[in-house]
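Colleague: Residue numbers (this note's numbering), protein chains in the order written: chain A, 1 to 89; chain B, 1 to 480.
Rather than coming from a laboratory, the hints here were simulated on the basis of the structure. Among the hints, a few may not be true.
[To be verified] Cβ pair distances, simulated, as ranges:
1. 12/A with 360/B: 29 to 37 Å
2. 16/A with 30/B: 18 to 26 Å
3. 243/B with 61/A: 36 to 44 Å
[Unchecked claim] In silico DSSO-like cross-links for lysine-lysine, where the CA-CA straight-line distance does not exceed 27 Å:
4. 412/B with 13/A
5. 256/B with 355/B
6. 26/A with 13/A
7. 37/A with 81/B
8. 355/B with 58/A
[Claimed, not checked] Examples of chain A residues toward chain B, derived with CB under 7 Å:
9. 32
10. 64
11. 70
12. 72
13. 83
The beta carbon of each residue, even a glycine, is placed where N, CA and C say it ideally should be.
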Amino acid sequence: MKIDVRHIAKLAKLRIPDEKLGQMEKELSSIVAMVEKLPELTGSTNLLDPNNTMELRKDEIVPSMPREDILKNAPKAAAGCFIVPKTVE
Amino acid sequence: MSNKYEVVIGLEVHAELNTKTKIFCSCENRFGAGVNSLCCPVCMAMPGTLPTLNEQVVEKAIKMGHALGCKINGTTKQDRKHYFYPDLTKAYQISQFDVPLCEDGHLDILVGDELRTIGITRIHIEEDAGKLIHDDGRDDTLCDYNRCGVPLIEIVSEPDLRSAEEAKAYLETITTILLYLGVSDAKMQEGSVRCDVNVSLRPVGAKEFGTRCEMKNVNSFGAVYRAICYEAERQEKVLDAGGVINQETRRWDDPKGESILMRSKEDAQDYRYFPDPDLLTFIVSDERIAALKAMVPELPTARTLRYVSDYQLSRDDASLLSLNKARADFFDSCVELGGCEPKLISNWIIGDIAKLLNERRIEIADTALTPEHLVGMVKLISNGTISNTAAKTVLEEIIEKDIEPETVVKEKGLAQINDSSALEAVVDKVLAANEKAIADYKSGKTNVLGFLVGQCMRESKGQGNPNTLRDMVTGAIEKL
Numbered sequence: 001m002k003i004d005v006r007h008i009a010k011l012a013k014l015r016i017p018d019e020k021l022g023q024m025e026k027e028l029s030s031i032v033a034m035v036e037k038l039p040e041l042t043g044s045t046n047l048l049d050p051n052n053t054m055e056l057r058k059d060e061i062v063p064s065m066p067r068e069d070i071l072k073n074a075p076k077a078a079a080g081c082f083i084v085p086k087t088v089e
Numbered sequence: 001m002s003n004k005y006e007v008v009i010g011l012e013v014h015a016e017l018n019t020k021t022k023i024f025c026s027c028e029n030r031f032g033a034g035v036n037s038l039c040c041p042v043c044m045a046m047p048g049t050l051p052t053l054n055e056q057v058v059e060k061a062i063k064m065g066h067a068l069g070c071k072i073n074g075t076t077k078q079d080r081k082h083y084f085y086p087d088l089t090k091a092y093q094i095s096q097f098d099v100p101l102c103e104d105g106h107l108d109i110l111v112g113d114e115l116r117t118i119g120i121t122r123i124h125i126e127e128d129a130g131k132l133i134h135d136d137g138r139d140d141t142l143c144d145y146n147r148c149g150v151p152l153i154e155i156v157s158e159p160d161l162r163s164a165e166e167a168k169a170y171l172e173t174i175t176t177i178l179l180y181l182g183v184s185d186a187k188m189q190e191g192s193v194r195c196d197v198n199v200s201l202r203p204v205g206a207k208e209f210g211t212r213c214e215m216k217n218v219n220s221f222g223a224v225y226r227a228i229c230y231e232a233e234r235q236e237k238v239l240d241a242g243g244v245i246n247q248e249t250r251r252w253d254d255p256k257g258e259s260i261l262m263r264s265k266e267d268a269q270d271y272r273y274f275p276d277p278d279l280l281t282f283i284v285s286d287e288r289i290a291a292l293k294a295m296v297p298e299l300p301t302a303r304t305l306r307y308v309s310d311y312q313l314s315r316d317d318a319s320l321l322s323l324n325k326a327r328a329d330f331f332d333s334c335v336e337l338g339g340c341e342p343k344l345i346s347n348w349i350i351g352d353i354a355k356l357l358n359e360r361r362i363e364i365a366d367t368a369l370t371p372e373h374l375v376g377m378v379k380l381i382s383n384g385t386i387s388n389t390a391a392k393t394v395l396e397e398i399i400e401k402d403i404e405p406e407t408v409v410k411e412k413g414l415a416q417i418n419d420s421s422a423l424e425a426v427v428d429k430v431l432a433a434n435e436k437a438i439a440d441y442k443s444g445k446t447n448v449l450g451f452l453v454g455q456c457m458r459e460s461k462g463q464g465n466p467n468t469l470r471d472m473v474t475g476a477i478e479k480l
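Extracted from the complex, chain A is given alone in its bound form (with noise of 0.2 Å):
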């Protein structure tokens, strides 16, 4: 399989130099060969484990943690909000 490394590394946000290109590709495609192999070996495509299964929680309201909380982590912060770049799409 093809590995179109510039596709992959413009959807990761990553900066990849040229000269690493080939090496990337050779070594994507190892990996993806193997991943291929995985639904053989589960015997199924959609990947749905009915013997495994989880248990829904009730919908009951618990508080939330309080903004000043939240906000510790935001290397910015401005108006109770956490601060990115610009992003208008």
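Chain A is already provided as a structure; the job is to place chain B on it using the hints.
Modeller: Relative to the frame of chain A, chain B by itself:
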């Protein structure tokens, strides 16, 4: 648009569910709270936290699935959808990919007098993203994550819609059903229902679909209509000039009335879906799925058709009545009591009662009005005890407090005067004051009769029987 092309439209409707808590954590799900006040380590994607799926999200989504005639996948899972944008704290959205909770459904909609069946591809559950605030005065972006993790259902239609009118009717029916089921507040103006619209054109008679464009940010019934008209015309111009339509995503700017290119297919997102390893497969039992189906009430389109066939209401009146479940339920209770024309009850509910409720911004359940009292009032009109005018006064009283309409009539002296001898003075006075109107009437302008009867009604403080007054006025003028 010319008749050369057929417009093909598919809608993706996102509706926020009105659960108490978010989809994967126990933070409150509420609109309008202070910024970042409804957040916790789970919805903020702190390392080491794990999502737990809210049972009510699954149940409400299944109800909608039943209402839209879907097959319910009782054994399903959730998948990660990846994109980098700061409205997502995790840099992926938990959604559903290949096994949606509901699929293969259909929805009947009324477009004018035509009944159309629109295919529903799927309904899946997912989380909403946070809100980005772009302030012109700042060179950065503010993030409010209260909405991050609010539960959504995404309802995807087949490309079965053929006009802007149909798309608008489809969206209106979807929001009405959400309200009927009580699963969403369905307020487009608050963003709890949002819509992406796919539009393509093909020559009339063609089997193949044309290349489609997706329009995002279409957030009102009117905007859906305008966006589709604009996009269909834009594509027609390109095709007529010998061009080709590029598959692209466009943003609808409703105030400007135009769509703007966001990204072409080459830049299209590659979402790299895979099953979320933090969440396991979940199962909803067949018994529970059946129990949820039993909770689905008669839906608005079926109700409209029933009102037309059983009670001879006009299609417009029946639609208007069915639009609001509480009011339609009230109407049904009145009709069950019997003793008066369903059409008269409907007129009061969609007329004066709706007006009073809208003015006060309340619902019928917030008033003292009972089906018994409304039926009682309508009977008083039908048997000539009160006039329509006096009934409006009665209505205001029985909406305010739990009181028999007969009591209001007695207390306020609203009984209609049908006895002509008691109205003679009124007619004499009005005719004496309106010599010009009488002359007009005699010269053939008989439409002044309505004015004269109106004056008599006013003079009798709304108590005179208008039919009696009409006969008396014409009789008196002829004798003059």
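Colleague: Regarding the hint that residue 72/A lies at the interface with chain B, is the smallest CB-CB distance below 7 Å?
Modeller: 11 Å, violated
Colleague: Is the Cα-Cα distance between residue 355/B and residue 58/A 27 Å or less?
Modeller: Measuring from Cα to Cα gives roughly 40 Å; hence the hint is violated.
Colleague: Could you grab the alpha-carbon distance between residue 412/B and residue 13/A and see if it respects the 27 Å cut-off?
Modeller: Status violated; Cα separation ~76 Å.
Colleague: Is 36 to 44 Å a correct range for the gap between the Cβ atoms of residue 243/B and residue 61/A?
Modeller: Since residue 243/B and residue 61/A have Cβ atoms about 54 Å apart, the given range 36 to 44 Å is violated.
Colleague: Using the nearest Cβ pair, does residue 83/A come within less than 7 Å of chain B?
Modeller: 5 Å, holds
Colleague: Return the status of the interface hint for residue 32/A: holds when the least beta-carbon distance to chain B is below 7 Å, violated otherwise.
Modeller: Hint violated; residue 32/A Cβ to chain B Cβ min 13 Å, cut 7 Å.
Colleague: Can you confirm whether the C-alpha distance between residue 26/A and residue 13/A stays at or below 27 Å?
Modeller: 20 Å, holds
Colleague: Would you check the hint for residue 256/B and residue 355/B, treating anything up to 27 Å between C-alpha atoms as holding?
Modeller: At roughly 33 Å apart (the allowed maximum being 27 Å), residue 355/B and residue 256/B break the hint.
Colleague: Below or equal to 27 Å on CA atoms is what counts here, so check residue 37/A against residue 81/B.
Modeller: 22 Å, holds
Colleague: Does the Cβ distance between residue 16/A and residue 30/B fall inside 18 to 26 Å?
Modeller: For residue 16/A and residue 30/B the Cβ distance comes to about 44 Å; the hint is violated.
Colleague: Do residue 12/A and residue 360/B keep their Cβ atoms within the hinted range of 29 to 37 Å?
Modeller: 55 Å, violated
Colleague: Less than 7 Å between beta-carbons is the criterion; does residue 64/A satisfy it with respect to chain B?
Modeller: At 5 Å from the nearest chain B Cβ, residue 64/A passes the 7 Å test, so the hint holds.
Hint check: violations occur at hints 1, 2, 3, 4, 5, 8, 9, 12; the rest are consistent with the structure.
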